[in-house]
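There are 2 protein chains.
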Amino acid sequence: MRIPFEELRITLKGILEKHGMDGEDADLSSFLFASSSADGVHTHGLNRFPSYISLIDRGLIDVRRKAVFESRFGAIERWDGQRGPGDINAWRAMRRAVELSRENGVGIVALRNTNHWMRAGNYGLEAVKMGAIGIMWTNTMPNMPAWGGKDPRIGNNPLVIAVPYKDTPVLVDIAMSMFSYGKLGKYILENKECPVDGGFDENGNLTRDPKIISETKEALPIGFWKGSGLAITLDLIASLISGGKTTVEIGKYPIETEVSQIFMAFSLDIFPDKASMETKIGETLEYIKASSPRNGCSIHYPGEGIKNTREESEKLGVFADDSVWKTVLSL
Amino acid sequence: MRIPFEELRITLKGILEKHGMDGEDADLSSFLFASSSADGVHTHGLNRFPSYISLIDRGLIDVRRKAVFESRFGAIERWDGQRGPGDINAWRAMRRAVELSRENGVGIVALRNTNHWMRAGNYGLEAVKMGAIGIMWTNTMPNMPAWGGKDPRIGNNPLVIAVPYKDTPVLVDIAMSMFSYGKLGKYILENKECPVDGGFDENGNLTRDPKIISETKEALPIGFWKGSGLAITLDLIASLISGGKTTVEIGKYPIETEVSQIFMAFSLDIFPDKASMETKIGETLEYIKASSPRNGCSIHYPGEGIKNTREESEKLGVFADDSVWKTVLSL
Numbered sequence: 004m005r006i007p008f009e010e011l012r013i014t015l016k017g018i019l020e021k022h023g024m025d026g027e028d029a030d031l032s033s034f035l036f037a038s039s040s041a042d043g044v045h046t047h048g049l050n051r052f053p054s055y056i057s058l059i060d061r062g063l064i065d066v067r068r069k070a071v072f073e074s075r076f077g078a079i080e081r082w083d084g085q086r087g088p089g090d091i092n093a094w095r096a097m098r099r100a101v102e103l104s105r106e107n108g109v110g111i112v113a114l115r116n117t118n119h120w121m122r123a124g125n126y127g128l129e130a131v132k133m134g135a136i137g138i139m140w141t142n143t144m145p146n147m148p149a150w151g152g153k154d155p156r157i158g159n160n161p162l163v164i165a166v167p168y169k170d171t172p173v174l175v176d177i178a179m180s181m182f183s184y185g186k187l188g189k190y191i192l193e194n195k196e197c198p199v200d201g202g203f204d205e206n207g208n209l210t211r212d213p214k215i216i217s218e219t220k221e222a223l224p225i226g227f228w229k230g231s232g233l234a235i236t237l238d239l240i241a242s243l244i245s246g247g248k249t250t251v252e253i254g255k256y257p258i259e260t261e262v263s264q265i266f267m268a269f270s271l272d273i274f275p276d277k278a279s280m281e282t283k284i285g286e287t288l289e290y291i292k293a294s295s296p297r298n299g300c301s302i303h304y305p306g307e308g309i310k311n312t313r314e315e316s317e318k319l320g321v322f323a324d325d326s327v328w329k330t331v332l333s334l
Numbered sequence: 004m005r006i007p008f009e010e011l012r013i014t015l016k017g018i019l020e021k022h023g024m025d026g027e028d029a030d031l032s033s034f035l036f037a038s039s040s041a042d043g044v045h046t047h048g049l050n051r052f053p054s055y056i057s058l059i060d061r062g063l064i065d066v067r068r069k070a071v072f073e074s075r076f077g078a079i080e081r082w083d084g085q086r087g088p089g090d091i092n093a094w095r096a097m098r099r100a101v102e103l104s105r106e107n108g109v110g111i112v113a114l115r116n117t118n119h120w121m122r123a124g125n126y127g128l129e130a131v132k133m134g135a136i137g138i139m140w141t142n143t144m145p146n147m148p149a150w151g152g153k154d155p156r157i158g159n160n161p162l163v164i165a166v167p168y169k170d171t172p173v174l175v176d177i178a179m180s181m182f183s184y185g186k187l188g189k190y191i192l193e194n195k196e197c198p199v200d201g202g203f204d205e206n207g208n209l210t211r212d213p214k215i216i217s218e219t220k221e222a223l224p225i226g227f228w229k230g231s232g233l234a235i236t237l238d239l240i241a242s243l244i245s246g247g248k249t250t251v252e253i254g255k256y257p258i259e260t261e262v263s264q265i266f267m268a269f270s271l272d273i274f275p276d277k278a279s280m281e282t283k284i285g286e287t288l289e290y291i292k293a294s295s296p297r298n299g300c301s302i303h304y305p306g307e308g309i310k311n312t313r314e315e316s317e318k319l320g321v322f323a324d325d326s327v328w329k330t331v332l333s334l
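Residue numbers (this note's numbering), protein chains in the order written: chain D, 4 to 334; chain A, 4 to 334.
These are calculated hints, taken from the structure and not from any lab test. Do not rely on the hints blindly, as some may be mistaken.
Any copy will do: because identical chains look the same in the list, a pair fits if it lies in one copy or spans two.
Said to hold, decoys possible - With a straight-line Cα cutoff of 27 Å, these simulated DSSO-like cross-link-like pairs (lysine-lysine) come out:
no.	residue 1	residue 2
1	K169	K318
2	K255	K292
3	K189	K214
4	K153	K310
5	K255	K277
6	K255	K169
7	K283	K153
8	K153	K292
Just so it is clear, the structure is predicted and the values come from calculations on it, not from any experiment.
Bound conformation, chain D alone (with noise of 0.2 Å):
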C-alpha cells in the first residue's frame, strides 16, 4: 500500500510518544523513518520499526536520554550517545560536525555509547543538506568473520561518504559485508539468490545462497581481504577517537548496544574556488555516465536513483509492505 508521507510520520510520532520519546525527539525520529522509506531503504525504514520500538519498551534505547557533550580536541568533540536513541545521536552529531567544520575546515564529532542508527544515508544527506561533504561510519557487533576465519568476530561497520551535487548528491552508503543479514533475509523471501558471491558455505566454497551464508554466518567482506581490513580500521578509529566501545567489546552483551561512530565533515562554503566544485563534481558524473554499459547495464552514479523513488513516493505515497503496516498500527 501507499500512504502519504506525513500521514506515515505522523502516525510514527504518535507511536513514539505513546512509547514515552518527547515530542522534539519523536519529530526528527518520524521524519528519519518516513525518509527512509520514502527514499526506498525500506530495511531500514517502515521494516525496522517494530524493532526499534521493541528496543524501547525493553529499555535498551533509553529515550529519555540525549546525547551530551564531553570533550574537545582543535576539530574534535566526543560526545556520550548515553545510550540513547541512535538515530536522533546520529543526526545530531552529524550536524554538529558541520558546524565545527565551518570554523576548522573539518569538524569531527566521535560519538561514543549511542545505539544503531537505523538508515545511515540519513546522515550523509543531512550533511549534503547542510553544504558540507559527510564521511561516517559506525561499528556494531561481530557479525561478519575476519578474512581467514569462521566465526563473526568483526563488525561489518557500515560507512557512508556523500557529496553534494545539486538536487541528487553523491552518496555511498555501504556495509563492509558483501550483504547484510537483513539483506540476505530479503532475498530468501523472495526465492532469489544474492546477485553475486555473499559468503562461505559450510566447506569453505564462496556461495550465492541467502540461506546457507545466513545459517553458515561466514559472510563476505567487500574485497575479501580488503574489507576485512577496512572493518578492523574503522572500527579501532571509531572505539578510539571517541574513546567509546570496539566490536569486542560491544560482543561482551547479549545484544548490540553502546556502537561507536564517527562524524566528520567538509563545509564547502569556506572554499574560495567552491563555485568550480559543482563543474567539477558534474563533469566526473557525466563522464561515468557515458560509459559504455556492460551486457545493456544502466550506469548511474551513487545515490542517483533517489531522486525517483522520492518523487514516487510523494507522488503516490510512500510504500508500505501491508503486513508491516499493520504491525506498526498495533504498537
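Since the structure of chain D is provided, determine the placement of chain A on it from the hints.
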C-alpha cells in the same frame, strides 16, 4: 639475490643524484624505495625504480621542485606538489598532517599537482612512527570501469589506513580495484590465476584469468558496486579539498600526473585516555587472531606480516630480482 639495506639505499641514492635530485631528497627517496622492498612490496619498491627514473628523465617528475604551502582552512592545509617526486611530496604531506593534528585534534594536508606516491603504506607507517593514526588516499588516472560500465572511467584510488600498535602497526593498504595491473602482470609471469575473481571477460562474465583482465581492462572494484562508489567519492573528495585535478581531468593527459591526495592524521598523544588505547587495540587484534580458521587458513591482522619480512631483510639483506638489479645498476 639479497642486498644489505644500506648498500641498496646508497646505490639508489647515487642514481637519483645522477638524475638531478638533490642530496636531501635523494636520501629520503632512496630510503622509501629500499624500505618498500625490505617490507616485501617489491612492485612498488625496487621493481618500480627504473620507471621512476625514466619519468624523471622525461621531465614528468620534476626533481627540482618541492611541494609548496598554498593556503590554510583551520585544520586543513592545501599544498601544491608542483609535479615534483610523488614519494617525497607524500612523505612530507603526511608528516605535516600529523603536526597539524597535534594542534587541532585532526590534521589534514590536501595535496594537489603531485605524482604517483609509489608504495602507499610508507606514509601510513610514517604517521604511526609519529604516534598518529593515518588515513590517506590518492586519485589516479582512469583505470577501472565504473559499476555497470565496460571502459575505464574511474581510478582505482588507493587508500591507506594505519593504526599504531607496538612495533607492528595495523596497516591497510588497498586499491579500490581487486588487483592492480602490476599484480595481474605478476600472476601472468608466474602463470597463476588470481586467487579470487579479478575482472570481467569479453562476454561480461567474471574471471580469475589475469591475461584476460589485462586485455579487457575491466578490473573488478572491491565489493562490485561498493568499490566503484568508494573510488568515485575518494576521487571527488581528494580533488575538491585539494583544489586539484579529478580522475577525469588526469585522464586528459597521455600519462598519469598531477594527481590529488588527502593525508589525514589523528595524533593519539592529545587524548587523555591514550594509555588505555594500546590495550584496546591489542584485545581486538588478539580476538581476531583467535578465530577458528577457515580451511586451515592462518589469520593475521592487516600489516602483521610485514614484521617478519622486514626482519628477514635485515638479517639476510633485501631481496632483489637479479634482472631488476642489473637494470637498476645500469641507470
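Hints versus structure:
1. For the homomeric pair K169 and K318, the shortest alpha-carbon distance inside one copy (21 Å) is at most 27 Å, but the shortest distance between copies (58 Å) is not.
2. In this assembly of identical chains, the alpha carbons of K255 and K292 lie at most 27 Å apart only when taken from different copies (17 Å versus 46 Å within one copy).
3. Taking the closest pair of Cα atoms, K189 and K214 come within 27 Å of each other only inside a single copy of the chain (10 Å); across copies the shortest separation is 37 Å, beyond that limit.
4. In this homomeric assembly, K153 and K310 come within 27 Å of each other (Cα to Cα) only across copies, at 25 Å, whereas the closest approach inside a single copy is 39 Å.
5. In the homo-oligomer, the alpha carbons of K255 and K277 lie at most 27 Å apart only across protomers (23 Å), although the nearest pairing inside one protomer, at 46 Å, exceeds that limit.
6. Proximity of K255 and K169 under a CA criterion of 27 Å is satisfied inter-copy only: 25 Å between copies versus 44 Å inside one chain copy.
7. Proximity of K283 and K153 under a CA criterion of 27 Å is satisfied inter-copy only: 23 Å between copies versus 44 Å inside one chain copy.
8. In the homo-oligomer, the alpha carbons of K153 and K292 lie at most 27 Å apart only across protomers (11 Å), although the nearest pairing inside one protomer, at 39 Å, exceeds that limit.
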